[in-house]
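Novice: Chains A and P, in that order, give the protein sequences.
Start counting the first sequence at 237; every next residue gets the next number (my numbering).
Start counting the second sequence at 13; every next residue gets the next number (my numbering).
Hints are not guaranteed to be accurate.
As the list claims (entries may be wrong) - Below, computed lysine-lysine pairings styled on DSS-like, alpha-carbon distance capped at 30 Å:
1. P/K202 with A/K442
2. A/K442 with P/K173
3. A/K442 with P/K18
4. P/K88 with P/K173
5. P/K149 with A/K442
6. P/K173 with P/K191
7. P/K202 with P/K127
I should point out that these hints are in silico values taken from the structure, not numbers from a laboratory.
In this text, all values refer to a predicted model and were calculated from it rather than measured experimentally.
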Amino acid sequence: MVSAVFHSPLDAAPVMPVAAKNVAAARPVAPARQVESEPRPPRDFSALWLRVLPPLLGFALLILIWELVAMKSTTGFPSPLTTWKQALIVFSDPFYSKGPNDQGVGWNVLSSLQRVGLGFGLAAAVGIPAGFAIGRFEFLSRMFNPLISLLRPVSPLAWLPIGLLVFKGANPAAIWTIFICSIWPMIINTAVGVQRVPSDYMNVAKVLNLSEWKIFTKILFPAVLPYMLTGVRLAVGTAWLVIVAAEMLTGGVGIGFWVWDEWNNLNVANIIIAIFVIGIVGLVLEFALIRIATAFTFEEVKS
Amino acid sequence: MNDDSKYIQIQGVEQRFKTAKGSFLALRDVNLNVAKGEFITLIGHSGCGKSTLLNLVAGLTTPTQGTLLCANREIKGPGPERAVVFQNHSLLPWLTCHENVYLAVERVFASTESKAQLKARTEAALALVGLTAAAQKRPGEISGGMKQRVGIARALSMEPKVLLMDEPFGALDALTRAKLQDELLGIVQKTHSTVVMVTHDVDEAVLLSDRIVMLTNGPAATIGEVLAVDIARPRNRVELAEDPVYVHARKAVIDFLYTRQAHVEKVAA
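All chains should be built: construct the whole structure from the sequences, respecting the hints.
Specialist: In structure tokens, the structure reads:
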């Protein structure tokens, strides 16, 4: 049941493999430490190598291919070493600011995160209560399900012009796009969570004649929390994917805009640096939310 | 009419379920009266509608025909006066044992009693099932038998008029089950509760019941036979093992289940 929470059918977002790798990589660390604290630990080098070697090989392969592409390239594709040197320059002063169109990578990431935070926060504020209502009341579920099914597959960027039109500004339009893309996983996961609350719990509520408020605080909310957090995690993942594209279109300060700006400057090394930065930030967001989700997952009734 | 021998009245009850294959008749023509303070067990093969009947008395479902009365009032829905002990304990995993019981106590007595009294009631209920030490533990941290005891404590804490138990010990190992049966006997002796219990365990039925209600095989199950178990209380399982009344009652139930209602596998196949 618990694993089902983390792999709901909504896991369409391509962030999933990253998450799975994350967990696999994070778990074995703890037992290894325990082993070391015991007296005279039999060091299992083969197991250690099996854990460390494959990821290292993976990265080595990536760098090798990259190096080959850079060597063969006639268009000035930067080699890993050039990129590394450029990265050292970029990260030596990530928080400089020379006017609105020339800011450090730190500012760019932070303004992207701020947009994601705002759009995502608004989506949570609307989506989670909506999900509860849709999950709890059959009527609302039938009323909104067709709408959600229709709107969910639409690329969030298709909403960007609507945002520009309505809010008459690039920044609110980008936030609006994030709002739209992160609201669906939260509505749907919360609603599914409410519908999947074990009927035993609801029978308890019925036998005790609990008030709707008590049902919510003591049964529904704790039971739905793992599903809800999965929704939140998917939403953050999608939002982080979408913000880059949205900022490329809207401009301003942001990691997506930075990528586009560096493309216009033909500074490919910076684009590659940006790709790594985006990946790492996405990984950190994902990992943090997985940790929160596991902390709030309880053993369920076996039925 | 306010007769203690007819505390729960089940009159001409029929229960149909709508399924994908059409309507399914689970129970038909069920008539039963349960006296106040009586211990009734419902026994029958799986799928015969024992739990369906219990859910009807609990008010979790409503019959398609017939009426159910409790203390001469129609059972319209579930309520704390008819507490249910569920088969899989149904404790809320995010609450401690104390909080699980407190939730029930609070619901029933909060309007008339102070917080300290509610706490005392909760502690008394947990003490009754011998779980004072585990009060601050979550269900995930205690054994299956202890969880089931918390479920019983939660039900008893509401001081229900009727205690409904749906195979409460079904998921437990034989030794734990025996221990809890003995505890339940002691508790019921103390509280004089009216109990309706679903079981598929013949020994459990004979040991605990005043009357054993045997259901015929489903679909369209009904009461096949009612057997009164005239054994004085308190009952002791070791002494009873050779008691002629006990042995006879046990034989009668086994005879009903395995001789007269034995064709269940064939029907299912």
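Novice: Does each hint fit the structure? Answer for all of them.
Specialist: Status of each hint after checking the structure:
| no. | hint | in the structure |
| --- | --- | --- |
| 1 | P/K202 with A/K442 | holds (27 Å) |
| 2 | A/K442 with P/K173 | holds (17 Å) |
| 3 | A/K442 with P/K18 | holds (25 Å) |
| 4 | P/K88 with P/K173 | holds (16 Å) |
| 5 | P/K149 with A/K442 | holds (25 Å) |
| 6 | P/K173 with P/K191 | holds (24 Å) |
| 7 | P/K202 with P/K127 | holds (25 Å) |
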